[in-house]
Amino acid sequence: MPDLSPLYGLLAHLLPFDCLQDRFMQQALAGLLLLAPMTAAMGIQVINFRMSFFADAISHSAFAGVALGLLLALDPGWTMPVFGVLVGLAIMLMQRTSSLSSDTVIGVFFSAMVAFGLAIISRDRSLARDLQRFLYGDILTISDGQVAALMGLFAALMIFQACNYNRLLYIGFNPTLAQVHRVRVAVLQYLFAGLLALIVMFAVQAVGVLLVTALLIVPAAAARNFARSAGAMFWWTLMISLSSAVAGLLLSAQDWARTTTGATIILVACGWFALSMAAAARSRERLA
Amino acid sequence: MAAVDLLPLNGLLEPAVRFDEVTVERGGISILDKVSAVAPQGSCTAIIGPNGAGKTTLLLALLGEIDYQGRIVLGAEGHPPRVGYMPQRLVFDRGMPLTVSEFLVMGFQKRPLWFGLNTGLRRQARESLALVQADHLADRTVGALSGGELQRVLLALALQQEPDLLVLDEPSAGVDFQGELIFCELLEDLRRKRGFTQLVVSHDLATVTHHATHVICLNRRVAAEGPPRQALTAENLTAIFGMHMGLVNSRSMPSNQAACSAPCCQEQSDA
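Protein chains in written order, with my numbering: chain G, 1 to 288; chain P, 1 to 271.
If we strip away everything but chain G, and leave its shape as in the complex, we get (with noise of 0.2 Å):
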């Protein structure tokens, strides 16, 4: 494992706030500015692909990967991600080949993967203990191994982001347009599946179940108002992200807030999307 105390000693040099002069603090930064530009990137998609509800669903498959590894007796770090991809891969499969709506296929997904965590939790109640830590996420707790981990999902995402960001767009424009015109939507797809299942089970570790959708579609969402090209929206996602994720983080940390980090991170994103909102009113009523 590599000795990460010069990265955590230079983001507590950059940053000098009196909360981040804790190594867990600096551990949190260090994994939240790991995790906040793939979100960011992969959320510009999800958008685009209207793919929210997929999140949403490979998220409640972390119940199950986690009680999977328990049964088994696998460490629940490698068999909740690989289960998640799986999940991810299986829903794109069945998407691309059934004729049943998009929709209809995740829900039937979510619901198995929900089902089949906790009929196995249930067997034991000792497990569902555990259940709390992945409803809410605590980034407070993330490992150095994770950090280490996460830098290698980065280098892996920022090339795949770089590669294929044009044709992914193109694909979430029109499909059938992007196939014709020789883009390699189904290669692409299963890629983008596959890839975002591995950062929303990442992401489950920080913001929790039921937040990791918003961690992805919030700063998207908000850059959409702001944006007025592709390019741009990539540039506004980014800002959006990094900054709810540095700011939650600041704030949840102050003693007058003492609230969950997860739960801040998403407030401080959604202040960005009202401000947005804002903004995209102004300026239709200028144009008017």
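On the chain P side, residues computed to face chain G include the following (Cβ under 7 Å):
1) PRO97
2) MET106
3) GLY107
4) PRO112
5) GLN161
In silico contact screen, one side only, chain G against chain P (beta carbon under 10 Å); selected entries:
6) ASN48
7) GLN161
8) CYS163
9) ASN164
10) TYR165
11) ASN166
12) ARG167
13) THR176
14) VAL180
15) VAL183
16) ARG228
17) MET233
Read the hints as simulated data drawn from the structure, not as lab findings. Virtual Cβ for every residue (Gly too), placed ideally from N, Cα, C.
Starting from the known structure of chain G, arrange chain P on it as the hints suggest.
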């Protein structure tokens, strides 16, 4: 459907597309029934037929978007043609912040759009827009375009593919008179210059009569096929559309245009 004799094909022209007994069924209902037809190389082939005849389904089968039985051969063996496609109604999210320039460039540019548009590709996009008289739309968002403006931008996108086969589904639907004129004349001019094959679904019999070099009359089956003068007879049209068709008669062809109501002919007669 009334029995209509198949008309002879365009002699020795090599087909750019060959439909070979193409059958499509959905829920036990036959949408296309053993459709066999060709689009000759370099031709403007029009597919006409009443609503529900399977015209768009045939195009979707050609584009690989739906499953079908039979065979569709594109171009020469081992050399799939570059296809440019202009859909009839594009379903997309109008709230997406995407400029027309980005829309035209995103299929060609490797560098992500967040690093800006490549200068050469931006110029190329502007040239394509100028070709369809839509260069003023370059900085508009795609979602803010009217139906006619969107059709022009989609045509610019299809032409940017430098296609060997240009597939157009109701290209003039929702387009104003001026726009239809651009579509008619521009496409004919480009087809002659670049030598691509044009496969177009159209309801506008007058335009088909004037511009198509080959016609496939479809009503789940091929009812007639051949040059417009031979395929678009009053008998065939009545058989396909199931009613008296007074709009077109086989003598109102470009050689004696008096009765042609296509926009280009109207423009000429107004001048």
